[in-house]
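**Student:** Work out the full structure, taking the sequences as your base and the hints as a guide.
Counting with full-length UniProt numbering, you get residues 1 to 140 for the letters of the sequence shown.
Quick caveat, the hints were computed from the structure, so don't treat them as lab data.
Being a predicted model, the structure only gives us computed values, none of them experimental.
Ideal Cβ placement from N, Cα and C applies to all residues, glycine included.
Derived DEER-like restraints, expressed as beta-carbon distance ranges:
hint, residue 1, residue 2, range
1, Y24, F111, 33 to 39 Å
2, T80, G128, 20 to 26 Å
3, P9, Q108, 48 to 54 Å
Below are the SDA-like pairs computed for lysine to any residue, each with C-alpha atoms no more than 25 Å apart in a straight line:
hint, residue 1, residue 2
4, K38, E83
5, K38, D65
6, K93, P127
7, K93, G136
8, K38, P60
9, K93, L126
10, K93, L123
11, K38, A61
12, K93, I119
13, K38, G66
14, K93, F45
15, K38, Y120
16, K93, G116
17, K93, E138
18, K93, E140
19, K38, F25
20, K93, A110
21, K38, K93
22, K38, A26
23, K93, P114
24, K93, F111
25, K93, E32
26, K38, Q59
27, K38, M124
28, K93, G82
29, K38, V130
30, K38, G27
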Amino acid sequence: MEREQSNIPWRFLGGLFAVTLLLYFAGFYGMEHLRDRKGPWQVSFDAAATGGPTMTIRQPALGIDGFRVVFEGADTNGLTSGELAFDDPGRNKQPMDRTPESSQELKQRAFAVPFGECIYQDLMFLPGVVTMNLLGHEIE
1 MEREQSNIPW
11 RFLGGLFAVT
21 LLLYFAGFYG
31 MEHLRDRKGP
41 WQVSFDAAAT
51 GGPTMTIRQP
61 ALGIDGFRVV
71 FEGADTNGLT
81 SGELAFDDPG
91 RNKQPMDRTP
101 ESSQELKQRA
111 FAVPFGECIY
121 QDLMFLPGVV
131 TMNLLGHEIE
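**Tutor:** See the structure below:
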């Protein structure tokens, strides 16, 4: 009894797999490049600046360098200075709410920054959107 030859085109399937794998990796790393290419918002907080606590914003890819927000007349007791780059979306993550009425929404929790708290950030494509509540003012 003679065995019949298989009609499966192995070379074609192997080539198709290789092309698919190449396209997958090119797409994945291409998207990662698009997400990170502009870089994060860089924010400096200076509690001892002349005129009051000052926040300085930089985003070189957008041509923003040294944009200052001065909180004139704000109480500086307890304020700290520091620098922060908004490049980590995991800072404000929390587990998904499993209650039926939540419709499985991902909720963010606020995290501390030198003059207050960051109440929202969307850093999917940098620089993204950052909203902070600083000294009683909401700044985006």
